[in-house]
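J.: This is what each chain is made of:
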Amino acid sequence: MFDLDKWQEILSTINKNRMRTFLTGFSVAWGIFMLIILLGSGKGLQNGIDAQFRQDAVNTIWFGPGTTSKTYEGLKAGREIKFTNEDYEYVRDRMEGVDKISGRYYMWQNRVISYKKEYGVFDMICVHPDYQDIENLTMDSGRYINEVDIQKKRKVAVIGRPVQKTLFKNGKSPIGEYIKINNIPFMVVGVFSDKVERDETRVYLPISTAQMISGGANRIQNLTIISSLTAAESEKFVEELRTDFAKRHKFDAEDLNAMWIFNQLKEYKMFSNLFLGIQIFVSIIGAFTIIAGIVGVSNIMIIVVNERTKEIGIRKAIGATPSSIVGMILLEAVFITGLAGYIGLMAGIGTLELVSSIIPQNQFFLNPEVDFNIAVISTGVLILAGSLAGLMPSLKASRIRPVVALRDE
Amino acid sequence: MDIEPGEMVSIMGASGSGKSTLLNVLGILDNYDSGEYYLNGMFVRNINETKAAQLRNRTIGFVFQSFNLISFKNAMENVALPLYYQGVTRKKRNLIAMEYLERVGLKEWWTHLPGELSGGQKQRVAIARALIAKPKVILADEPTGALDSVTSMEVIDLLQEINQLGITILIVTHEHDIALRTQRSIKLKDGFIECITYHQSNIKAVAS
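For the record, the sequence lines run as chains E and H. So the first sequence is numbered by our numbering: it starts at 1004 and just counts up by one. So the second sequence is numbered by our numbering: it starts at 12 and just counts up by one.
Treat the hints with caution; some may be incorrect.
Claimed, not checked - 30 angstroms max Cα-Cα, derived DSSO-like pairs, lysine-lysine:
1. K147(H) to K62(H)
2. K1009(E) to K62(H)
3. K1313(E) to K118(H)
4. K1009(E) to K103(H)
5. K1009(E) to K84(H)
6. K1399(E) to K84(H)
7. K1399(E) to K62(H)
8. K147(H) to K1009(E)
9. K145(H) to K1009(E)
10. K1313(E) to K102(H)
11. K1168(E) to K1183(E)
12. K1079(E) to K1250(E)
13. K1019(E) to K118(H)
14. K103(H) to K1313(E)
15. K1079(E) to K1120(E)
16. K1158(E) to K1119(E)
17. K1009(E) to K118(H)
18. K147(H) to K198(H)
19. K1313(E) to K145(H)
20. K62(H) to K1313(E)
21. K1019(E) to K198(H)
22. K1085(E) to K118(H)
23. K145(H) to K1019(E)
24. K103(H) to K1019(E)
25. K84(H) to K1313(E)
26. K1009(E) to K102(H)
27. K1313(E) to K147(H)
To be verified - According to the in silico footprint, chain H covers these stretches of chain E (three or more CB under 8 angstroms from chain H):
28. 1010-1016
29. 1317-1323
No wet-lab data here; the hints were simulated from the structure. A quick note: this is a predicted structure, and the numbers were derived from the prediction, not measured. Every residue gets a Cβ at the ideal spot worked out from N, C-alpha and C, and that includes glycine.
Between the sequences and the hints, there should be enough to build the whole structure, so can you do that?
T.: As structure tokens, then:
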């Protein structure tokens, strides 16, 4: 039921009482604005920390051999444990919950790589095919290392974008070209990109090829797995891993120095709890901000009705019905809080956009954003509260007796 | 006590004698405990607020001592307000308001806010507002109480003109020369009618 005339009356009242309107509107707009900024900042913080983890797969467990610190079955302490391809196969084939697995072999760190007359110094990383998922690599062109490369010990290389830029200056596709690493020619089969920039100045080689070239036989320096286990299950997996490897390599399962294990899943869980803490904190402050807004609106509405007692008395004397008085005050309250809420919402979102475009892509504060539903719901709540806050005084106003209101002081 | 249609009556009495109470009852602004009040042949007692508001709007026009104009509305909007509560469109009621402002001689002043008008002008705006809904009765509570004697007479002249158009007028006043301009004065004391004085000259004036 849209009554144009009613709205004209209300708009003209609002227009002619600008200060009052501004004060009411400002408290609502400010409340919403602060709420949006608060929620957005919380989200930005969360996005930042989240992105730190997203760069690598979050559900990984890394482990490698160490040096024993305890004697075991007649073996001396201080013995170096060595992992081999058999350990890789054991974990891959025998253990539950392993989705992806790759070993890593260290060879030729910081070596000169050349292509014709161009050269540069880069890291060699010698791995299994699954390593692509562990580092979350995306292929710009070509392919990653595959099983056949491993089996046939092919001399192939997957290079990062900066490597391509350094060696292939004329914009020529590097795929199929031969680059020389330590004077041994490797065929480039792919170019990758990594979300972590410093990890892009790398060259990936098949682990078997590296083992063959450096005479490392079947040595593996460390192993990494991706698992679909929950944090709790991963704890159990780690225990199992330790006892199994203790048996295989003959060391005391209690000897933590004999084998190191880094369970990123557990770390991630810890940060998840931190997020939850931040979220709860932000929600509580948000709720209080809304309450403060409600109190502000109620206060002003009560003052407004008091201030307008005489006007309401006049209106009633000349024939305003009680319901028309309630309608007038209420519609005005809803209109002002609604409009102000919308302005606050837009200003808040605009500020967040501005902030995220101005500040550099910080690793701890990324894409501050607001869940649109939460923003709309909280604005709705405030408008509703504004109306309720207007309702009580307006009912009071409708009961104003003209005689009292018009009594001369 | 009866007040006939078309009469112009003044109610006098010292403060506390019940003038304002009577006016509030007559204006359906207040309820009363005993007695009977018929307005335009209709028994009025304990009627609900909505009904009272409609009755006030259609049959009664108010003129107050302190004018009681809405301060943030200009002269025209103030005059037009009763029609707003009758659901008359904005355009139409503003047009009618201008007509009534012309009748009280304030056409050129329609854009002025009450604060920019003199006391006499404000009272004339208030009279225009009381007239716009074509009421049967105009209740004036000390309409000249805040005005000087010259302006007072102008306002009374205006009320008399209106009365000659057939609208019943009731003036509460304590000024004797104002009362003399009406057809009869009802003097109240302690809530009762003390005496009624007829002013023959005025009755004749109406008759002729």
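J.: Next step is simple, just say for each hint if it's right about the structure.
T.: Checked hints:
| no. | hint | result |
| --- | --- | --- |
| 1 | K147(H) to K62(H) | 17 angstroms, holds |
| 2 | K1009(E) to K62(H) | 20 angstroms, holds |
| 3 | K1313(E) to K118(H) | 26 angstroms, holds |
| 4 | K1009(E) to K103(H) | 15 angstroms, holds |
| 5 | K1009(E) to K84(H) | 15 angstroms, holds |
| 6 | K1399(E) to K84(H) | 23 angstroms, holds |
| 7 | K1399(E) to K62(H) | 19 angstroms, holds |
| 8 | K147(H) to K1009(E) | 27 angstroms, holds |
| 9 | K145(H) to K1009(E) | 22 angstroms, holds |
| 10 | K1313(E) to K102(H) | 26 angstroms, holds |
| 11 | K1168(E) to K1183(E) | 16 angstroms, holds |
| 12 | K1079(E) to K1250(E) | 16 angstroms, holds |
| 13 | K1019(E) to K118(H) | 22 angstroms, holds |
| 14 | K103(H) to K1313(E) | 27 angstroms, holds |
| 15 | K1079(E) to K1120(E) | 52 angstroms, violated |
| 16 | K1158(E) to K1119(E) | 18 angstroms, holds |
| 17 | K1009(E) to K118(H) | 26 angstroms, holds |
| 18 | K147(H) to K198(H) | 23 angstroms, holds |
| 19 | K1313(E) to K145(H) | 24 angstroms, holds |
| 20 | K62(H) to K1313(E) | 21 angstroms, holds |
| 21 | K1019(E) to K198(H) | 44 angstroms, violated |
| 22 | K1085(E) to K118(H) | 106 angstroms, violated |
| 23 | K145(H) to K1019(E) | 29 angstroms, holds |
| 24 | K103(H) to K1019(E) | 22 angstroms, holds |
| 25 | K84(H) to K1313(E) | 14 angstroms, holds |
| 26 | K1009(E) to K102(H) | 13 angstroms, holds |
| 27 | K1313(E) to K147(H) | 25 angstroms, holds |
| 28 | 1010-1016 | holds (count 4) |
| 29 | 1317-1323 | holds (count 7) |
Checked against the numbered hints above, the structure breaks hints 15, 21 and 22 and satisfies the rest.
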